[in-house]
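Trainee: Residue strings, one per chain:
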Amino acid sequence: MLELKNIEKYYNTGSVNEMCLFEDFTLSVEAGEFVSVVGSNGSGKTSMLNIICGSISVDRGSILINQEDITHMPEFKRQRRIGRVYQNPAMGTCPAMTILENMALADNKGKSFNLRRGTNRQRIDYYRDQLKTLGLGLEDKLQVKVGVLSGGQRQAIALLMSTMTPIEFLILDEHTAALDPKTADIIMELTEQVVREKRLTTIMVTHNLRFAVEYGSRLLMMHQGRVIIDEVGAAKAGLQINDILDQFNAISIECGN
Amino acid sequence: MSILIGVIEEGLIYAIMTLGVYITYKILDFPDLSVDGTFPMGAAITAALILKGVPPVLTLFFAFVFGAAAGCITGLIHVKLRVRDLLSGIIMMTALYSVNLRIAGKANLPIFSQETIFGNVWLDENVPKVMLPWLTAIILFIIVLVCKVLLDLYLQTRSGYLLRAVGDNEVLVTSLAKDKGAVKILGLAIANGFAALAGSIYCQEKGFFEISVGTGTMVFGLASVIIGTKILKRFRFVKATTAVIIGSIVYKGCVSVAIAMGMEASDLKLITSILFLLILIASNSRGKRGRVHA
Amino acid sequence: MKKRSKMIMMATMAALLTTGCGSQKEKPGTTADTAVTEKSADAENQSGGNNEAAYVIGIGQFAEHGSLDNCREGFLAGLAEAGIIKGQNLTVIYENAQADGGTASQIIDNFVAQKADMICAIATPMAQSAYGAAKKNNIPVIFTAVTDPVAAELANADGTPVGEITGTSDKLPVGKQLEMIRTMLPDAKKIGIMYSTSEINSISAIEEYKSIAGDFGFEIVVQGISTVADVPQAADSLLGKVDCISNLTDNTVVSALPVILSKAEKLGIPVFGSEIEQVRIGCLATVGLDYINLGEQTGKMAAKVLKGEMKASEMNFEVISEASFYGNNKVAENLGIDIPEELKASAAGLFDEIAAE
Numbered sequence: 001m002l003e004l005k006n007i008e009k010y011y012n013t014g015s016v017n018e019m020c021l022f023e024d025f026t027l028s029v030e031a032g033e034f035v036s037v038v039g040s041n042g043s044g045k046t047s048m049l050n051i052i053c054g055s056i057s058v059d060r061g062s063i064l065i066n067q068e069d070i071t072h073m074p075e076f077k078r079q080r081r082i083g084r085v086y087q088n089p090a091m092g093t094c095p096a097m098t099i100l101e102n103m104a105l106a107d108n109k110g111k112s113f114n115l116r117r118g119t120n121r122q123r124i125d126y127y128r129d130q131l132k133t134l135g136l137g138l139e140d141k142l143q144v145k146v147g148v149l150s151g152g153q154r155q156a157i158a159l160l161m162s163t164m165t166p167i168e169f170l171i172l173d174e175h176t177a178a179l180d181p182k183t184a185d186i187i188m189e190l191t192e193q194v195v196r197e198k199r200l201t202t203i204m205v206t207h208n209l210r211f212a213v214e215y216g217s218r219l220l221m222m223h224q225g226r227v228i229i230d231e232v233g234a235a236k237a238g239l240q241i242n243d244i245l246d247q248f249n250a251i252s253i254e255c256g257n
Numbered sequence: 001m002s003i004l005i006g007v008i009e010e011g012l013i014y015a016i017m018t019l020g021v022y023i024t025y026k027i028l029d030f031p032d033l034s035v036d037g038t039f040p041m042g043a044a045i046t047a048a049l050i051l052k053g054v055p056p057v058l059t060l061f062f063a064f065v066f067g068a069a070a071g072c073i074t075g076l077i078h079v080k081l082r083v084r085d086l087l088s089g090i091i092m093m094t095a096l097y098s099v100n101l102r103i104a105g106k107a108n109l110p111i112f113s114q115e116t117i118f119g120n121v122w123l124d125e126n127v128p129k130v131m132l133p134w135l136t137a138i139i140l141f142i143i144v145l146v147c148k149v150l151l152d153l154y155l156q157t158r159s160g161y162l163l164r165a166v167g168d169n170e171v172l173v174t175s176l177a178k179d180k181g182a183v184k185i186l187g188l189a190i191a192n193g194f195a196a197l198a199g200s201i202y203c204q205e206k207g208f209f210e211i212s213v214g215t216g217t218m219v220f221g222l223a224s225v226i227i228g229t230k231i232l233k234r235f236r237f238v239k240a241t242t243a244v245i246i247g248s249i250v251y252k253g254c255v256s257v258a259i260a261m262g263m264e265a266s267d268l269k270l271i272t273s274i275l276f277l278l279i280l281i282a283s284n285s286r287g288k289r290g291r292v293h294a
Numbered sequence: 001m002k003k004r005s006k007m008i009m010m011a012t013m014a015a016l017l018t019t020g021c022g023s024q025k026e027k028p029g030t031t032a033d034t035a036v037t038e039k040s041a042d043a044e045n046q047s048g049g050n051n052e053a054a055y056v057i058g059i060g061q062f063a064e065h066g067s068l069d070n071c072r073e074g075f076l077a078g079l080a081e082a083g084i085i086k087g088q089n090l091t092v093i094y095e096n097a098q099a100d101g102g103t104a105s106q107i108i109d110n111f112v113a114q115k116a117d118m119i120c121a122i123a124t125p126m127a128q129s130a131y132g133a134a135k136k137n138n139i140p141v142i143f144t145a146v147t148d149p150v151a152a153e154l155a156n157a158d159g160t161p162v163g164e165i166t167g168t169s170d171k172l173p174v175g176k177q178l179e180m181i182r183t184m185l186p187d188a189k190k191i192g193i194m195y196s197t198s199e200i201n202s203i204s205a206i207e208e209y210k211s212i213a214g215d216f217g218f219e220i221v222v223q224g225i226s227t228v229a230d231v232p233q234a235a236d237s238l239l240g241k242v243d244c245i246s247n248l249t250d251n252t253v254v255s256a257l258p259v260i261l262s263k264a265e266k267l268g269i270p271v272f273g274s275e276i277e278q279v280r281i282g283c284l285a286t287v288g289l290d291y292i293n294l295g296e297q298t299g300k301m302a303a304k305v306l307k308g309e310m311k312a313s314e315m316n317f318e319v320i321s322e323a324s325f326y327g328n329n330k331v332a333e334n335l336g337i338d339i340p341e342e343l344k345a346s347a348a349g350l351f352d353e354i355a356a357e
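Protein chains in written order, with our numbering: chain A, 1 to 257; chain B, 1 to 294; chain C, 1 to 357.
If you're looking for bench data, these hints aren't it; they were derived computationally from the structure. Bear in mind that the values here come from a model prediction, so they are computed numbers and not experimental data. All residues carry an ideal CB built from backbone N, CA and C; glycine is no exception. Errors might be hidden in some of the hints.
Unchecked claim - If you only want the chain B side, here are some residues facing chain A, beta carbon under 10 Å, derived:
(1) GLN156
(2) ARG158
(3) SER175
(4) LYS178
As the list claims (entries may be wrong) - 20 Å max Cα-Cα, derived SDA-like pairs, lysine to any residue:
(5) C:LYS115 to B:TRP134
(6) C:LYS136 to B:GLU115
(7) C:LYS171 to C:PRO186
(8) C:LYS135 to B:ILE91
(9) C:LYS136 to B:GLN114
(10) C:LYS189 to C:GLU265
Chain A on its own, in the form it takes in the complex (with noise of 0.2 Å):
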């Protein structure tokens, strides 16, 4: 459902630092894949996710979600389809707003922010249970403004609001990358748990090889803008750490990391 086609992306382009990100990449993404996406710095994994969601243009090729051209669609209008957690768990909640403000901004995705009252009195059950499933303890922090909240609580939060609406894909964005090992492990729990029940297309770029290799129903490793793994189904569900270590391992020091 989800096409990258021949998407060519140059950065500083005319200058001595230009370098070829992409040069005819092309992918497919089917409905229902849990990707899991690693690479080494530099192999284009968040420019791909950028590509993506709009945050950068492509000098050429075309993106494509269930047929439809959005190659030339500005950022905010590809977001409605879209559910996005980002690395850094601020910039996916508003620190000087309370939890129940936050999730009553993220209900109204899709719909008109129009003068009507901005938190739903009779959605308030609904957020709650929501925030339950988290296991935190936030369904009885909503008035709490949610700045003072952990960064692992924020991102909970984070997951939660950007699946909240209907969306045809979610995209996260290395984003346990920022939390320490315990409290990423919860919130990659509740990822495949909510991935699961709402049973969304994902593409989840990551640098925890142990994560790209347990969760998801496929496997891509990146290389210099091109992909140099691709197991997908029974295949990626047989694969070790090890498998994949050493490949990544090669083209580490290929790049010189």
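Assemble the complex: chain A is given as a structure, and chains B and C must be docked to it using the hints.
Mentor: Okay, now just chains B and C, sitting in the frame of chain A:
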């Protein structure tokens, strides 16, 4: 006593503009200098319209609308032409000097002989004599109260949430599939609408329009916002909008005290700067106003 | 934090107190009850002096330059002639708005708060601020150096007061000035006038210039500025197009007059002033007003109101009609121009030097 009433009156007039600065500076995190141009714009429009026979109350709405339009342009310059926030405001402020001159027709437009919201036939007939010395203050209080309540209500709507979000974490606004540029423009429009409204009331209270009344508006607004929010931080139950109104009156009071104590009015700008600096120091020592932080 | 903010507050108070108590030029007492003991230099002691209650007058001057300063001095002299003498039975609170409308308003508020018996407002924006505030507080206002009180709505079209406000007007004797210029420069064709777009008096003066310039065979070229900072460039532009420059009583332009004079001198272009002070500092000549006289006339009107002989609302505003020729021989010498004998003979004053401002 009359000093106190004078301070409250002027503080209230400027408080309306301060509500606007609160929106741009605190909520949107956008230092908007165009208020130096939209405040006198409200005054110019009001004087011009009143002289044409437009009912004074109606001029308030016109002033707001025109101020909002000017704010939109500031926003468009910033969003579409990608000019920095500070510079967009400066461009507008400079342009509006000429525009205001055109609107008024001349640099000084008296309306002493005309009816205003503070002096008209209806008031003469309906207000008991004993209330007269307080009349201006009462009218102002009502207007400011209405503005404040409307603003508070707005900030509780979905649109208001979005406005708060864009100044707090604009990435989230994009994630919510909304155009953050459009939201900023809306915020600037509302804020400058308030500034122009304040200018309109100022002109009606003073009885004339003078081209130089705009200078220093932004500084006044900023100082009031900062005083209000810092001094009243302890009092949780006081809403931010109330706090900035009080801040406006307090700031005006400080200036009046300084002059009454013997400082020359020509030192006013220096007094303002020093006061402002002291407040900023006092407010910065506990926590910085940061952008998105984890 | 608490301690720190307390310290800051105390430091502020200390600073304000020390500066407040500091002595400044022409700054008399600040409360209605302190009588200042300095004597005014030009006060003539009339012994039938009223030594009853002390009067408090707030003098608000809109901008700082020679003409307005002369007005103020004349005002005090006029009061003194009527027996109201600064330092004896009069306390003066003087504030200058430095051409800022907001400051002007603040000054008036202060006068009202200090319970002044009268406000003397020098220049139109100050007079307007005063009128508004005084209306509410029943303080009579005497204005001076307001070129067109009717246009400023400070007086009715027939000259009668609109309230407890009256004063004097410094309408320029445009016709006489043009006549004088023609006498001094028989061949000149274009007269340049620089004015500030923010001063209403200038606009009406220019209208008058334009309407009668043709009678004397002149064409008027105008140059507008918005702030003092614009003056140098505007001067360069204007001086390139004209044979001479004539000044209005434009506060902004006059405050930057030295700049214009130095540029004009280099090009050998005469600058005609609108008032005696301007001639003293380097303008060639003027048929102008003596602002000290204007001030004195105003002071006498004010005295009548203070003493209760007449109310401000009963006195029409007065216009000074005496215009005299003043010339500067040194400037004429520098420009290679001869001041005609008939003008010299009728001159009210001739300067032989160019004074530093």
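Trainee: Which numbered hints turn out to be false for this structure?
Mentor: Hints 7 and 8 are the ones this structure does not satisfy, whereas the remaining hints hold.
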